[in-house]
Amino acid sequence: MADAMFIGLSILTIGSAIISLESRELLYGGIALAVSLLGIAGFFVILDATFVAMFQIAVYVGAVAVLVIFTVMLVRSPNTVTKRETVKRKISGIILSLAFLALFGAFIGNSAVSQFSFSDAVPAVDIKEIGRELLTYYSPVLIVLAFTLAGAIIGALALARREDIEEKNEPAK
Amino acid sequence: MLKQLVNPVNPSNFNILVSKLSDVLVKALDEPLGYAINWGRVWSLWPVHLETACCSVEFGGSSDPRYDVERFGILEAFGSLRQCDLIVVQGTVTRKMAPRLRMVYDQMPEPKYVIAMGACAITGGLYLDSYNVLPGCDGIIPVDVYVPGCPPRPETLIQGTFLLQEKIKRSKIK
Amino acid sequence: MAGETASQFLPILYLFGFGIVAGISSVMLSRLLSQRRRYNPIKFLPMECGQIPTGEGRSHFMMQYYSYILMFVVFDVMLIFLYAWAVTFTSVPKEATLPMMGFLGIMFAAMGYALFLAGKKGIW
Amino acid sequence: MNQPSDFIIVAAVLISIGIYGIVVKRNALRLIISIELIANAVNLVIVAFSRMLPNSQGQVFVLFSIAISAAEVAVGLGIMIIAYRFYKDIDVTEYKNLKN
Amino acid sequence: MGALNSEFRFGNFVGSIVQLVLFILAFVTLLVLPIIFFVLFFVPLPVVDGQVLTPYLFFSMMVDPSRTIPVMQFLIHTDLFRAAVFPGFAFAALIAASTIFIERKLLAKMQLRVGPLYAGKIEGIFQLLADGLKLISKEIIVPSGADKVIFWLAPIMFVSTSAAVVALIPVAPGWVAADVDVGLIAVFAILGFFPLIILLFSWASNSKYPFIGGLRALHQMVAFEIPFLLSALPAVIFAGSLNLSNIALSQNIFWNILVMPVNAFVFFISSLAELERVPFDLPEAESEIVAGWLTETSGMIFGLIQLGNYLKLYALAGLFVILFLGGWYGPQIFPPELIPGASTSDVSLLRLVALEGLYNPVTINSIFWFTVKTFVVILLMLITRGINPRIRIDILLHTGWYKLIVLTFINLFVVLTLIYGGILGPGGLISVK
Amino acid sequence: MNTASGFIRALESGTRHLFVKRFTLRYPEQKLKFVGDGYQFDPKKGVGIAGLRGRHILFHDKCTGCQLCSIACEGIAEAIAMVKVDEQWKQNKKSIMPQIDYGKCVFCGLCVDACPFYALYMTNDYELSSYTKQHLIYTPSQLAIKPIDNGEVEIKIDSRGASHG
Amino acid sequence: MERKSEIELKKKSLLLSKDILNSVVEKFGEKVNVIYDKRNRSKIMVDPEIIVETSIFLRDNHGFDHVESASGTDYPKEDQIEINYHLGSYVNPDLFPYVLVLSTKTSRSDPKSNSLINIFPSVEYFERETYEMLGVYFIGHPRNERFLLPEDWADIPPLRKDFRLKGR
Amino acid sequence: MSSLDEKIEEAKKLSMHIVKESEEEKLMTLSVGPQHPGTGHFRFIIKLDGDYIVNVDLDLGYVHRGEEKMCEYRNYFTNIPHLERPVIHDSANITYSYSLAVEDLIGITVPRRGQFLRALTSELDRINYTLYWLAIYGIFLGHSTMFMWPAADRELVLDLLERLTGHRITHAFNIPGGVRNDMPNNFKEKCLSQINYLEKRLKEYEHIFYNNPLFRQRTEGVGVLSKEDAIKLGVTGSVLRASGVPYDIRKVEPYDIYNEIDFNVQYMKTCDSFARAYIPFLDVRESCHIIRELLDKMPESGDVREKLLSNIKGPPGESFKRVESGRGALSYHLVSDGTSRPYRVKISTGSFRNIIALPFLLVGSKLGDMPAIYWSLNYWPIEADR
Ligand code: SF4
Ligand code: SF4
Ligand code: SF4
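Protein chains in written order, with our numbering: chain A, 1 to 173; chain B, 1 to 174; chain C, 1 to 124; chain D, 1 to 100; chain E, 1 to 433; chain F, 1 to 165; chain G, 1 to 168; chain H, 1 to 386.
To be clear, the hints were calculated from the coordinates, so they are not data collected in a lab. Treat the hints with care, as some may be off.
[Unchecked claim] Using 20 Å as the maximum straight-line C-alpha spacing, the simulated PhoX-like pairs for lysine-lysine come out as follows:
{"id": "1", "chain 1": "H", "residue 1": "Lys307", "chain 2": "F", "residue 2": "Lys44"}
{"id": "2", "chain 1": "F", "residue 1": "Lys94", "chain 2": "F", "residue 2": "Lys84"}
{"id": "3", "chain 1": "F", "residue 1": "Lys33", "chain 2": "H", "residue 2": "Lys190"}
{"id": "4", "chain 1": "H", "residue 1": "Lys188", "chain 2": "F", "residue 2": "Lys33"}
{"id": "5", "chain 1": "F", "residue 1": "Lys31", "chain 2": "F", "residue 2": "Lys146"}
{"id": "6", "chain 1": "G", "residue 1": "Lys11", "chain 2": "G", "residue 2": "Lys27"}
{"id": "7", "chain 1": "G", "residue 1": "Lys12", "chain 2": "G", "residue 2": "Lys31"}
{"id": "8", "chain 1": "F", "residue 1": "Lys33", "chain 2": "F", "residue 2": "Lys146"}
{"id": "9", "chain 1": "G", "residue 1": "Lys77", "chain 2": "G", "residue 2": "Lys38"}
{"id": "10", "chain 1": "A", "residue 1": "Lys128", "chain 2": "C", "residue 2": "Lys94"}
{"id": "11", "chain 1": "F", "residue 1": "Lys156", "chain 2": "F", "residue 2": "Lys21"}
{"id": "12", "chain 1": "H", "residue 1": "Lys190", "chain 2": "F", "residue 2": "Lys31"}
{"id": "13", "chain 1": "F", "residue 1": "Lys133", "chain 2": "B", "residue 2": "Lys167"}
{"id": "14", "chain 1": "G", "residue 1": "Lys27", "chain 2": "G", "residue 2": "Lys43"}
{"id": "15", "chain 1": "H", "residue 1": "Lys200", "chain 2": "G", "residue 2": "Lys11"}
{"id": "16", "chain 1": "F", "residue 1": "Lys21", "chain 2": "E", "residue 2": "Lys105"}
{"id": "17", "chain 1": "G", "residue 1": "Lys31", "chain 2": "G", "residue 2": "Lys112"}
{"id": "18", "chain 1": "F", "residue 1": "Lys156", "chain 2": "E", "residue 2": "Lys109"}
{"id": "19", "chain 1": "G", "residue 1": "Lys161", "chain 2": "G", "residue 2": "Lys105"}
{"id": "20", "chain 1": "E", "residue 1": "Lys121", "chain 2": "B", "residue 2": "Lys169"}
{"id": "21", "chain 1": "F", "residue 1": "Lys21", "chain 2": "F", "residue 2": "Lys31"}
{"id": "22", "chain 1": "F", "residue 1": "Lys31", "chain 2": "F", "residue 2": "Lys156"}
{"id": "23", "chain 1": "G", "residue 1": "Lys112", "chain 2": "G", "residue 2": "Lys161"}
{"id": "24", "chain 1": "G", "residue 1": "Lys77", "chain 2": "G", "residue 2": "Lys105"}
{"id": "25", "chain 1": "F", "residue 1": "Lys62", "chain 2": "F", "residue 2": "Lys44"}
{"id": "26", "chain 1": "F", "residue 1": "Lys146", "chain 2": "F", "residue 2": "Lys62"}
{"id": "27", "chain 1": "F", "residue 1": "Lys156", "chain 2": "F", "residue 2": "Lys33"}
{"id": "28", "chain 1": "F", "residue 1": "Lys21", "chain 2": "H", "residue 2": "Lys200"}
{"id": "29", "chain 1": "G", "residue 1": "Lys105", "chain 2": "G", "residue 2": "Lys43"}
{"id": "30", "chain 1": "F", "residue 1": "Lys156", "chain 2": "H", "residue 2": "Lys200"}
{"id": "31", "chain 1": "G", "residue 1": "Lys12", "chain 2": "G", "residue 2": "Lys77"}
{"id": "32", "chain 1": "H", "residue 1": "Lys190", "chain 2": "F", "residue 2": "Lys156"}
{"id": "33", "chain 1": "H", "residue 1": "Lys269", "chain 2": "F", "residue 2": "Lys21"}
{"id": "34", "chain 1": "F", "residue 1": "Lys45", "chain 2": "H", "residue 2": "Lys307"}
{"id": "35", "chain 1": "H", "residue 1": "Lys251", "chain 2": "G", "residue 2": "Lys12"}
{"id": "36", "chain 1": "G", "residue 1": "Lys31", "chain 2": "G", "residue 2": "Lys105"}
{"id": "37", "chain 1": "F", "residue 1": "Lys156", "chain 2": "H", "residue 2": "Lys188"}
{"id": "38", "chain 1": "E", "residue 1": "Lys148", "chain 2": "C", "residue 2": "Lys43"}
{"id": "39", "chain 1": "F", "residue 1": "Lys21", "chain 2": "E", "residue 2": "Lys109"}
{"id": "40", "chain 1": "H", "residue 1": "Lys307", "chain 2": "H", "residue 2": "Lys190"}
Just chain A, same shape as in the assembly (with noise of 0.2 Å):
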């Protein structure tokens, strides 16, 4: 049964992946990238990280996946076509791709990291104990975060301001 669900997911998320760079159109690419992080997250689920993998469809479908199309839908029709690439640079991104795959099962097989196993005696992590580690061990790390949000959505305001907003705000009276 896991491994079947582990297969799934799998196929699911790579798919839904590579969808994500290659479907023509961008919204598409969008929801594609939605389908993707979900399956991270029921990667999540597997690995008994439930919490993280709420976290992960609540901020990635909920609230990423929304906001790329949303900017999807405001960009204008004819830009959301993707345009194609040169053939050499297809290439070139597959070649680089695939090498670093090679490289990286390379290191997989020749480490130890395969045999590594997940211990089953041991019981899953729980909420608190993630609750317990963020407010204690983590409390600095936490108002940094706050700080990096904060600047973030303070920036990210500024930016999308409007320059025409002067002559936008008065409506002609």
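Starting from the known structure of chain A, arrange chains B, C, D, E, F, G and H with the ligands on it as the hints suggest.
Showing chains B, C, D, E, F, G and H with the ligands alone in chain A's frame:
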């Protein structure tokens, strides 16, 4: 798809059997299904929100608490014509409105029914001789029921929908 | 063993599946039962109040409230952290709330400023 | 089938897809998508190891990581929109061309 | 297809239905019974009541019906049953259907009229059936230029996502389809799908009104997601768990609404917004944008979306009950035995009728109270629909972002002070557990 | 606070209406009662008598075929056409009587005012819908039929609101 | 049956209309004709070229600030179209019941008139309608175009007397 | 002359809203009507920039039936049925004005009881119209109960009118020379009891609608038409009175019996949609008082109608008469050339005069304000189209 599966192997007997069986099935299913679906259509007529002229006052009036056509499953609250089954042509069809009326009719999903409400929608009524009025709406769309009056009382309209319901009951579902 | 908690989630998938089955079957049934006529192309035009549609249906049209969506992304993250805190609330010492208060304070300040920016309705 | 190495292989495939995307694509949105894919693959690896050890710190780290990448997407799309407004295009090569 | 008889009466209709049922029964007997026997003989069978469910047992059950009870017991504890029937799909669909009926009747009553009356003799009880049959036989129009895949898939996804939310709602101790550790967050995560689906659907329709409607829906849901999540926070603090059953269990002393009325209010408002009900039905504001994102829906697509909406309504009302109204707790009103003395009698039929072994007074009581409370919440939502006009999008955003969030935070801090003041919580005056 | 009280008032008002009598007239079972038998013309005073303006009724024994009703309607809707009838009446030499097309008639009653012999009145009949336009044309013999008038409900007002009996 | 106050009101209105008409006649002399002067209603006929000045004068000196109605009448016998503006006042309580008909004439073959839209913005749709129904072109009006009739109207303007209704 | 130029500029700004060409591409053109639950028999094309309306173009005439032309082919009596069609739910007023104009032309007065009956139907119809309007306002703002209640209470008035005139809405009751028939028996008691009940019901509207905070939020401060603008645009009726001008034809130029009736002119100074929505409601209350007063003062018996020839000839001349209808001043300009048919009839209606404010108010407001502003203008499309 079933046929394609069956065809290459043995085109003679088995095929006939299957088609006979499916005939029986269709016969057995059809009549009750027809009843059921027509029954559903009868009690769930949703008129489109298209007001052509002053009869709309009485049309609106027919859904007020006194006459309350929701008793018959007629819901007037739908904004989009895609969810509607019934056009009530509420009065005068002017030359400007006529193409729009036709377009609304065209865009509605099947099955759709038309009630011509008011003298104007039937023959042009008072405005028989006006330069901008069509002599009745049956020139542009097929009408199922005529409801006379200027404007018809809500009772008359409800009676008209009874007639329409009778018509639907006797119709084929497909 | 890994994958134990996953079985908790299976009923959600079941129900999801039921929804899909119900949806697909009813749509198929409706395709079977409904009469379809494609006699004129006007029928399939997008609906525009009985007019022939003008312009694109999918324009790159925007409401003036884009900023709220940007804000949502960030504050959604904040919320989940709050939940991590709330779950642990009773099992950690009370001082552990302080960093969370700091977190909240900073996010609140950011939110206040962001709302102020958003309220100026100049955001595209 | 359900061992850390399998998760790592999946992650590796995702990362290589992401690398491919970064190298090949010139559409700003696709770039963002590629980056998201890579970030997620890395998260996957971390969670896998954290389950293996088992250790909660991996999950905490992933939480932070997700938070940061959400913020990053918000800023990235903000930048993209402003660029789009200038150049009426979201192709990054176009930006370069226009600058010259 | 064939023509109809000219004589059309409801009796005929019922008769035809009966005929149809009989036909199907015959069909099933001929085709399905062999399969059943095949399964009985050749497939390893589950162990029930200490015995393997053999064909012999099966036939003996036909003789003594009360022996089916263990089988039923076995059945109702399977995941599939829970997902499909009781706390899951069928139950929710039933509540959804009755909600639609009650809504129409209640609104009608409030508006001095009678509402559906003639469809199905008694007070129009079959109005919904008529609507459903009509919708299912209605043509589905896919506008030209629409994105076909999304257009067909989105409504189905809408229904199934609503159903997935339903899976997480517990109705009694142990009675929940999916008993997830992080249930509350899972609900929120799944609810996060809706804006996406609506946005995609409105985009796929290739029309202006749906597009504006979809954007409005997105903004609205996004604006209310945050107060929505925030308002549930204190409940989690009390329960110390994200599991919905645990949250409900933590309220055995007092209902959460007593401590956090403001949050309950905010949650109520936000769930109205999430459900796109009046006064937050802006995405479907018919006087501005025809029917909003539903403009291009026709036939069964419309029906599916409505079904999804009402499933969602049930799920959110249930969630409200779980979070604030003390879940399933209520005075015990069911007797310990359905029929007194049935367990000791030898009449097997009596034991069957008394549902011996199945009947659990506590569970039944919990289900009863849960359902009652859910209906109260639903009723409140319906009455709100009756008395309010629609709100405007900027007021809505303003309410969501500027007012409700502040309100929830105020309540959160009140709760925190209560806990730190030693009144509530572990070690406090009123201890939770 | 104003806001809250406003909501509470509205809620209270709405809930109160759950206990108010329904106003609905159950039409096919109940029918309204009107004043008199329909719009008629009072020969003494020279003004009309109040009543519902429904379908016309033609008294064959009074109609002289003078066409005045038709002329009156000419300027309105041209609903009246004079047709030959088989009957012989001594006051009606030409044997023509009005035939009314309810697809055109607007129920204004000016033909009743115009008829100098009080042969044309209006009745309480309003159930005129039909499947075809032809059935909307009422010949003189159809017009002569007195409609069955069985309406008997009226608006009743009591402490629990208005209702129909 | 009229009461006393009514008679007084009548007198007052007559005085008022005398006032207005006299001042207009004084200002523009021959070019203005008083057609009638009834209770609360009076009509003046002005030459086409001074219609704008007259209306400015009426607005600024007497407080006529809106039009109740503007219309045209076709007189095929005289080969003329008469354009009437019914002026009223919302600021001057004395003028509340009073309606002054300001009318002018233009030729039927080439109907043109100066638009009053800049003096009384309220004539905008009335003039558009008159353009459409009678074919009078209003000089200075921004939108002399189709308004009420269908988009494909190709006949002569319908309110001209030579446009006959079918069957009548 | 320079001040005049300024004023002209101002007027131009008032009447036209021209969008800059460069902005055009960001806009979305949205057609509102005719098959649109938000407009009915009417269409306007709005250009949207996001949530804001930047341009409005009206497209009237979907129910243009050529009433004015038809008048020229019918005599003074047969004109009545078709002239009341433009506002069938306020038909007593539209024929009232016509009858006054014809009587003015011929130079007759109506018997006193006839005058009372006319005023009675006029007030009843005002209530009828306003309640219908209010019902539609409710549904425009998404308040379904507010559609049902006024629609239900309107039936009380319709019941009365039906008793009196013989038809629910198209009464054809006022004719030149008086009214068609006398009151039926027991009408007075019935009328009083139903009007009293109606007045009680009106209080509920305040609770559920006018004092509902959501309704207030949607209308207060929305679509402000200042007094100066209102005067400049020449609006009338409730729109004018909501802008602070107490101008009611019944008061300023009393016709028939109205100078004997004691009533107040309702007006508000807030100038926004709320005022425009509230004034007609106050009018309904005032009408209830007037009706009671009318029934009180009505002579017990007497003629109701001055007999006229059916093809009466009007003397050559003109007449211009107006009444206060549900939507404001409704005036007829009647030109006669001495034949039995009017030479020219010009109907100037409140709707046609009020709609001019719509583009002015909509530009710069939000899409969500559109129904609230549009319907607060007290506009009935058919009446404007004629
Ligand atoms: S039939 Fe009468 S009420 Fe209906 S639209 Fe025609 S004129 Fe108006
Ligand atoms: S009621 Fe009016 S329209 Fe009908 S026939 Fe008589 S005069 Fe003609
Ligand atoms: S009904 Fe009267 S008016 Fe008509 S033809 Fe007969 S007698 Fe003459």
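Violated hints - listed by number, lowest first: Violated hints (numbers, rising): 6, 7, 9, 15, 31, 33, 40; every other hint is consistent with the structure.
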